[in-house]
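**Q** Chain by chain, the residues:
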Amino acid sequence: MTTIKPSATPQQRSSSEDGATAAMHTGTSDPRTLILGNLRQSGIYVALVVIVALFAVLTDGVSLSPGNITNIVLQYSYILVLAIGMVIVIIGGHIDLSVGSVVALTGAVSAVLVIRQGQPWWIGVLAALAVGIAVGAWHGFWVAYAGIPAFIVTLAGMLLFRGLTLRVLDNISLSPFPAEYQRVAAGFLNGLIGGQGYDAFTLLIGAVAVAGYAVSVFRTRLARVRYQQPVESFPLFVARVVLVGAVIMYFAWQLAHARGLPIVLIILAVLVLVYGLVTRRTVFGRRVYAIGGNLSAATLSGVKVRTVNFWMFVNMGFLAAVAGVIYSSRSNGAQPAAGNMFELDAIAAAFIGGAAVTGGVGTVVGAMVGGLIMAVMSNGMQLMGVDQSTQSVVKGLVLLVAVAFDVYNKRRAGSAR
Amino acid sequence: MSDNILEMRHITKTFPGVKALQDVSLAVRRGEIHAICGENGAGKSTLMKVLSGVYPTGSYDGEIVFDGKPVHFRGINDSEAHGIVIIHQELALVPYLSVAENIFLGNERRGAGGLIDWNRTNADAADLLASVGLRENPVTPIIQLGVGKQQLVEIAKALSKQVRLLILDEPTAALNDIDSAHLLDLLRRLRSEGVTCIMISHKLNEITAIADSTTVIRDGRTVETLDMSSAEATQERIIRGMVGRDLSSFYPDRVSEPGEEVLRIEDWSVRHPTQDRLVVDGANLNVRAGEVVGIAGLMGAGRTELAMSVFGRSYGRNITGRLFIRGKEVRARNVAEAIRNGIAYATEDRKRFGLNLIDDVRRNVSAAALGKLARLGWVNGNEEIKVAEDGRRDMNIKAPSVMSVVGKLSGGNQQKVVLSKWLFTDPDVLILDEPTRGIDVGAKFEIYTIINRLVADGRAVILISSELPELLGMCDRIYTLAAGRITGEVPVGEATQENLMELMTKDRELAR
Chain A
1 MTTIKPSATP QQRSSSEDGA TAAMHTGTSD PRTLILGNLR QSGIYVALVV IVALFAVLTD
61 GVSLSPGNIT NIVLQYSYIL VLAIGMVIVI IGGHIDLSVG SVVALTGAVS AVLVIRQGQP
121 WWIGVLAALA VGIAVGAWHG FWVAYAGIPA FIVTLAGMLL FRGLTLRVLD NISLSPFPAE
181 YQRVAAGFLN GLIGGQGYDA FTLLIGAVAV AGYAVSVFRT RLARVRYQQP VESFPLFVAR
241 VVLVGAVIMY FAWQLAHARG LPIVLIILAV LVLVYGLVTR RTVFGRRVYA IGGNLSAATL
301 SGVKVRTVNF WMFVNMGFLA AVAGVIYSSR SNGAQPAAGN MFELDAIAAA FIGGAAVTGG
361 VGTVVGAMVG GLIMAVMSNG MQLMGVDQST QSVVKGLVLL VAVAFDVYNK RRAGSAR
Chain B
418 MSDNILEMRH ITKTFPGVKA LQDVSLAVRR GEIHAICGEN GAGKSTLMKV LSGVYPTGSY
478 DGEIVFDGKP VHFRGINDSE AHGIVIIHQE LALVPYLSVA ENIFLGNERR GAGGLIDWNR
538 TNADAADLLA SVGLRENPVT PIIQLGVGKQ QLVEIAKALS KQVRLLILDE PTAALNDIDS
598 AHLLDLLRRL RSEGVTCIMI SHKLNEITAI ADSTTVIRDG RTVETLDMSS AEATQERIIR
658 GMVGRDLSSF YPDRVSEPGE EVLRIEDWSV RHPTQDRLVV DGANLNVRAG EVVGIAGLMG
718 AGRTELAMSV FGRSYGRNIT GRLFIRGKEV RARNVAEAIR NGIAYATEDR KRFGLNLIDD
778 VRRNVSAAAL GKLARLGWVN GNEEIKVAED GRRDMNIKAP SVMSVVGKLS GGNQQKVVLS
838 KWLFTDPDVL ILDEPTRGID VGAKFEIYTI INRLVADGRA VILISSELPE LLGMCDRIYT
898 LAAGRITGEV PVGEATQENL MELMTKDREL AR
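Taken in sequence, the protein lines are chains A and B. Quick note on the numbering used here: the first sequence kicks off at 1 and runs consecutively. Quick note on the numbering used here: the second sequence kicks off at 418 and runs consecutively.
For reference, chain A alone in the conformation it holds in the complex:
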């Protein structure tokens, strides 16, 4: 019994632990430990870089041209919006198969109001958001309070809301939207402060973003040091900030040389920022992780599981409506078949981005990277003229490999215990 003294001081204790552990307390840590420790998260960044580079080579740089980068943003933003909601649902241990149909329905409602009835564009947007929230509440009710598995509820929703879309549209496409509505997804902020051959405003926003990022991570680092938490070594930290800053500025530079800053990119950036905070910093977000990680433990910790599940789906409905507005705006109309298979792209983005099939694991940023991997691949293959069938095969294999990698990682972590 002599080895155990509950009154032992922290210093005594840390000296008895191994060197790597002690190093983490001193405020620095060698990059290898950090990189290996975060292999699962950094793995997808590496994958994204590799894929971007691969297609840059395969398309002779066309994929990185200003015009194409703008295109990728316009073309895949709604998938990324869906992926934000989807990754939250998946972290909570559920799934939502209905989002494609909800995108179609919300776009259709908006189109009927704006195109057929001549209402102003913002009435259409608000109506679409309201419909999306109502759909989410419907799913949330059945999942949370009736206890039906989300797979079934949203499979039913997928059929149900596709059918309602056809009803709302009377089986025909509606088009075109007035110019204000089109601006939501197809509009650009350009020439606000001039520039010669490029848009200075875009560069300014890019610079503000970089500065904001640097300040935010630096403050986090300071707080961590104050609370004596492990942080990466200072040169490594600087290198990371410089690298991220360079990527953002390159991206802004390319956009500035095309059509300027897409409005939809601003919407997306705000959503990523907000939901990144919601998942990491709010009680609600933390409850989602707790429920997905161990439902029984969460219940026995006083988590109101039903309420959290309900709002998870309301939120998914809201984001599906946002995607619905963006999609209808970009396609300049509403079609009965809009949004077909979007749910699968969003689910794939979440899983490629590191979300666990069993719930409890995943990040918004990860889902964004996962969605970008899918986007860059699809776009690159289109540029190369690869036919649709091959594209589908490749995307399917990438999803499979990504999840297999995740499962393999987890098994290894489990056996190392």
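Treat the hints with care, since some could be wrong.
Dumping the calculated SDA-like pairs for lysine to any residue here, alpha-carbon to alpha-carbon at most 25 Å [to be verified]:
id: 1; chain 1: B; residue 1: 436; chain 2: B; residue 2: 420
id: 2; chain 1: B; residue 1: 825; chain 2: A; residue 2: 402
id: 3; chain 1: B; residue 1: 825; chain 2: A; residue 2: 403
id: 4; chain 1: B; residue 1: 815; chain 2: A; residue 2: 230
id: 5; chain 1: B; residue 1: 803; chain 2: A; residue 2: 223
id: 6; chain 1: A; residue 1: 304; chain 2: B; residue 2: 787
id: 7; chain 1: B; residue 1: 789; chain 2: A; residue 2: 283
id: 8; chain 1: A; residue 1: 304; chain 2: B; residue 2: 636
id: 9; chain 1: A; residue 1: 304; chain 2: B; residue 2: 471
id: 10; chain 1: B; residue 1: 768; chain 2: A; residue 2: 284
id: 11; chain 1: B; residue 1: 789; chain 2: A; residue 2: 280
id: 12; chain 1: B; residue 1: 815; chain 2: B; residue 2: 869
id: 13; chain 1: B; residue 1: 803; chain 2: A; residue 2: 218
id: 14; chain 1: B; residue 1: 825; chain 2: A; residue 2: 230
id: 15; chain 1: A; residue 1: 304; chain 2: B; residue 2: 758
id: 16; chain 1: B; residue 1: 768; chain 2: A; residue 2: 283
id: 17; chain 1: B; residue 1: 803; chain 2: A; residue 2: 403
id: 18; chain 1: A; residue 1: 304; chain 2: B; residue 2: 824
id: 19; chain 1: A; residue 1: 304; chain 2: B; residue 2: 578
id: 20; chain 1: B; residue 1: 789; chain 2: A; residue 2: 306
id: 21; chain 1: B; residue 1: 803; chain 2: A; residue 2: 232
id: 22; chain 1: B; residue 1: 789; chain 2: A; residue 2: 134
id: 23; chain 1: A; residue 1: 304; chain 2: B; residue 2: 489
id: 24; chain 1: B; residue 1: 923; chain 2: B; residue 2: 578
Worth flagging that the hints you see were computed from the coordinates, not collected in a lab. Remember, it's a predicted structure, so these values are computed and weren't measured experimentally.
Go by the hints and put chain B onto chain A.
**A** Showing chain B alone in chain A's frame:
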């Protein structure tokens, strides 16, 4: 040793860090009912798993001789081929399949072309049901039968495999008196038909009523084998064998100064969530500030069920009775309300119910009182880290940092995370359900020290444990629970392992 159907010689089975069985020998005569007794965790189930091949040959030391020949089972199929069939405490029946399908599961009656011959299946099942005295239609789904009848179906299933040695693990734990009597009758009849039977049981009155011999196991060793026809084979003798270990000076000292009453339940009754029986039956107990109150009871006595039903009705249905906190009646209808009323419950199964194993120490510690760290729904992450660091320091949690994933910590450190989590809710009463299960000796001592610190701070602790020495070493008072009823309340000064065990094995009728 005349005609032994089974001899297990010098069996030693080691798990990482624990010797579960040490040089255990067991000899079972042909055609007898042989009872095995021991406390929870004494090694009874491990021994039966060795015998039935769940732990394959080579994973243990020692020798098994069945029917005169040494045997080496590589899996449960091997042992069943020899006619050794084990019926586990948790019945292994598929609820939505019929009685006949369950009986022949994995052993299907097949006809032409390998297709299942349903006529033969149902006819054979009917014969087997008749032989166990169960009048049910073979096509009835299992879920429509009560537990007692399901137990009989399990035995019918065993008979279908030409059983020669039937092993029953706590067969009557979940049965009411009538069903139990029924089952014992059936075992007597099977004995007269030549089936040898090993029965693990806690119910000493049943053992004395039915067993021909009894082997007592304690701490992974054989204590003795009693011939039940001899005069010295009394319940007292068995109890002494089960508990007779040294009470080492293992428990930190504490000055006991109980204050005012913190929690009291009156006439507390809980129904099983799916079956029609009372799991807790009219329980009364109280605990005062600065006091550790123990609850002793054998497996299935309703200890965890009692605790969880008090903790925001997280177990059972139709809960009746009154709950008082500091003299005021409260209604803790869900876990959140229970926490608000100052109750905390640390589960006996921390991996399944206590922790989010894939998340880190920090977030597990804050999970039950996240609201305290939040303003307008936003969590103060830095405060959270501070709280977790405090817990890590106070509890001496050995983890590289509070960002370490809980699943990778040792059992003792996981348990300390659970305790930190509940302490952060600032409870008046902590219900600790088997807090030292599955953790090593050193960590146990730390947990005991923490418990003593809690009561010194004026909190009340209810300690549920299967280890009587632990209760005797830690508690001020001990309640005994048997079949859902409180059968005794003993101040620790008057308590001995023997009189507690007697109260814990008290028959339902005697309890009234």
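**Q** Now tell me if each hint is right for this structure.
**A** Hints, one by one, checked against the model:
1. 436/B with 420/B: violated (31 Å)
2. 825/B with 402/A: holds (24 Å)
3. 825/B with 403/A: Holds, at roughly 22 Å.
4. 815/B with 230/A: holds (16 Å)
5. 803/B with 223/A: Roughly 11 Å separates the two Cα atoms, so the pair holds.
6. 304/A with 787/B: holds (12 Å)
7. 789/B with 283/A: holds (10 Å)
8. 304/A with 636/B: Given pair residue 304/A, residue 636/B is violated - Cα atoms ~42 Å apart, limit 25 Å.
9. 304/A with 471/B: violated (40 Å)
10. 768/B with 284/A: holds (23 Å)
11. 789/B with 280/A: Distance of about 17 Å is within 25 Å: holds.
12. 815/B with 869/B: holds (20 Å)
13. 803/B with 218/A: The hint holds at about 19 Å.
14. 825/B with 230/A: Distance ~18 Å between residue 825/B and residue 230/A Cα, so the pair holds.
15. 304/A with 758/B: holds (16 Å)
16. 768/B with 283/A: holds (23 Å)
17. 803/B with 403/A: violated (35 Å)
18. 304/A with 824/B: holds (24 Å)
19. 304/A with 578/B: Given that 25 Å is the threshold and the Cα spacing comes to 48 Å, the pair is violated.
20. 789/B with 306/A: Holds, at roughly 21 Å.
21. 803/B with 232/A: holds (19 Å)
22. 789/B with 134/A: violated (32 Å)
23. 304/A with 489/B: violated (52 Å)
24. 923/B with 578/B: Not satisfied, since the Cα-Cα distance of roughly 36 Å exceeds 25 Å.
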